[in-house]
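*Asks:* This is what each chain is made of:
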Amino acid sequence: MSMVSKRILKEVDRLRQDPVPGIVAEPIEDNIRYFSVRMNGPNDSPYADGCFTLELYLPDEYPMLPPKVRFLTKMYHPNIDKLGRICLDILKDKWSPALQIRTVLLSIQALLSAPNPDDPLANDVAEQWKTDEKKAIETAVKWTALYAERVVRNDVAKRE
Amino acid sequence: MDEDYDDYEYSEDESVVSISSSANSHQGHARTRATAAAAAAASQATSASQSQAVAQTQSQGQYSADFGYDEDEDEDFFGDDNDFDRAMGARPTKKAWAVDFKVYDPDGLRVTQKDTIDRMVPVLAVSRDTTTLLLRCYLWREEPLVEDFIADPERTLAKSGLSVHPAASRIESGNDEFTCEICYTSGAEEEYLSLSCSHSFCTDCYATYASGKIREGESWRIRCPAPKCKTLLGEESARLLLAKHKNVLERYEDNLTRSFVNDLDSFTWCPAPNCQYAIECLVPRSAMTTVIPTVNCKCGKAFCFGCKVDDHMPAPCYLVEKWQQKCKDDSETANWLKANTKECTKCKSTIEKNGGCNHMTCRECQYHFCWVCMGPWDEHGQQFYACNRFNEDSSKNARDSVSKSRAMLERYLHYYTRYNNHEQSVKLARQLLATTEKNMEQMQREMTLSWIEVQFLSDAVDVLSVCRTTLKWSYVLAFYMSADNQKIIFENNQSDLEMATEQLNELVENPIGQWSIEEIKRKIIDKSTYVKSRWETLLSDTSLGLQEGRWQFEC
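Chains as they are written, first to last, in the working numbering: chain L, -8 to 151; chain E, 59 to 613.
For reference, chain L alone in the conformation it holds in the complex (with noise of 0.2 angstroms):
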C-alpha cells in the first residue's frame, strides 16, 4: 500500500511540476485519489474552444488496474455517452501498470481529436458521424458552445 501510495504522491507530483499543457489535473483536498481535471479541446478538432471537466478516480488496485475516468461536461462524441463514460481501450483491457495519469489523460485529448465512430459508444452520436460527418462536427461545436466553458487562448488568431 505504502508503496502505491509513492507512486500516487510522486505522479501528483510530477503532474504538478510538470505539467500537461492544456490539462489540469488535482487531487480534491481531503482524498489522494480522487482528482478533479480540466482539459482543454484540441486546437484541430470540434472541442476546441472549450474547456471540459472530468473527474479521475484511482482504484485501491491502482496501478494494477486502470483508473476510472468519466467527463462530467456533456459531450457530443462517438466514444463518449451521455453519461460521460469513454470508451477507450487502455482504460479497459489494454491497461498496463506502466500507464499513468498523465498518459490517460493525453490519450483522452488524443481521442477528441480523432473520434472513431467504427467502435462507438454512443450509438446515435456514431451513426450521425458515420452518415452525416459535416453535420455531426456542427452539433459537437454547437454543444461545446452550450455547455463548456470557454477557453481563453494566448494565441493571436483565437484573441482576434
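Keep in mind that the hints were calculated from the coordinates and are not lab data.
These numbers come from a predicted model, not from an experiment.
We put the CB at the ideal spot given by N, CA and C, even for glycine.
You can trust all of the hints, since none of them are fake.
Listed next, with one range per pair, are the computed distances between beta-carbon atoms:
(1) E:168 to L:65: 51 to 61 angstroms
(2) E:212 to L:83: 25 to 35 angstroms
(3) E:386 to L:115: 31 to 41 angstroms
For this one, chain L is given, so just place chain E on it according to the hints.
*Replies:* Then chain E, alone, in the frame of chain L:
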C-alpha cells in the same frame, strides 16, 4: 449380429474387447440355491478379472464398457455378451457406434503437455521455455509450427511475441540506474526482472501484476507490463517470479492445463459438475453429422463430445439442436392449441370456443360451421345442440381438410409426447433405484441371499435408464426422418426395444410377487440381456445407417 458389421470401418480396431472368458457367465440363469455359494465365489473371481478388462476397454473408448455403471457391476453383461459372441463364432469387435476417446486426469494432461514439449525441443532447437510458448501460440499444432519455424524462425518467434535471442530470464539487482515504472522505486538494492524486450520492473510489482492476471484466468498469454509490449511471460520466468506465492503458482499451473484443453479442438472438459477429467476424441467436427461421438468420463457421465449435451444416441448433434430449439419454441403452445382449439375448415384460423352453442361463426372469414362435426352449419337445419351428422360427406370433407393442416402438429406432438415420456421415465428410474435398493435389502434379509446375488436388480435398473435415454432420442431421429421403407425398419427396431424396455420396467418395479426368487432373478436377467441386445441392435443399425446415408432427413 456382429458378423454383419465386420466391414465397418471402425472394426479395424480389433484389440478391443478382451474380456474374461471365465465360465459361469450365465450364472444367474439356472442356479439352484444349493449352488449359490459356489457361484457367488466364482462370480467374485469373474468380477475381478473383468474389471481389468473393463479398465482396458475404457481406455480404448469402448462405449459399452462404461454403460453407465461402476466397473465391476456389469459382469453379467459382459460375461453373457462375450460368451454369446464366442458361441456364435464371432470375433470380439468394436461396437459400430463406439468412438475412440481417452480420459485424462489433470496429471495425465500435464504429462501429455510435457511429452509434446520434450518431443519438440530437439526439433526446434530453442530453449524449452521458448518451445513451450511457441507450441501454446500455435495451439499445439506441431506441423504448422515446424513448417513456419523452418521457413522463417525469426518471424515465427516474433509473431508469438518472442525474440531470437531471448535474454535469460533471471532476477537481477545492483543497477543504480534502475527505476521501476510501476511503483517508481529506484536504487541498486531493488530486484528486477526483464523479458527479452528488456522492459524491467521490480519483482514485487511484476509478481503483483502477474498474480492479478492469473486470478483473472490468464496463463501463458500474460504479456510484459509495458504499454503495447507484446512479449509473453514465459513459464520459467513466471515460476521464478511466483516462487514465494505458492497459491498463485498453483492457480497458474491449473490455468495452463485449462488453456491446453480449451485450445485444442480434440480435447474437452467433462461437463459434469466438479469433474476434473478431460476427454480427448479425434472425431472431426465435419464427421459429426453421421457419427455421434458419445464419450464416457471416468466420473460416470456419458455425453456427446461434439455438443456437450448428455448422451443423445442415436440422433446426431444437428438434429438434437434443431429439436431442442423446436421444443423450446413450440411444445407448450402446441399442446395447448391441440387441447383447446380447432381450426376453421375454410380459412384455417385457430379458434378457441369459450362458451355458447355449437353454431360457430368464424370471425376471420364469417364461415358458419358446427363445432362438433366441423361441417357447414346450414346442413344442420333445426337440430341445434344435437349434431348427429358425423358421417355426412360434407362434414367429413371439412374434417379432412382440418385434419390435414393439423397433421403436422399432431405429428410433432406424437413424437414429442414419446420423447417427453421417456425423459420423465429416466428421471423416475432414479426413484426406482431407491425402491430397488430397498427390495434388494429385503431379499437379502428374507431369502438369506448375499449382496452380490441381488445385484441383478440394480443392474437391470441401469439398463433401463440407458435404454430409455436412447429411446428418447430415437424419437427425435424418427421425427426428422422421411417416411420410407428404411424408416419402417428403423421403427420396428425402435418398437422392439421399447416393448422390451417396458416389460423389463414392469418386472423390476414389482419383483417380489407371485414368483419365487429364482424365477424372478432368471426372468429379470433374461429380460435385461434381451433388452441390451435390442439396444445394441438399434444403435449399431442407426450408426451404420447414418454413415451410409440410409435415411433422408427433413429439416
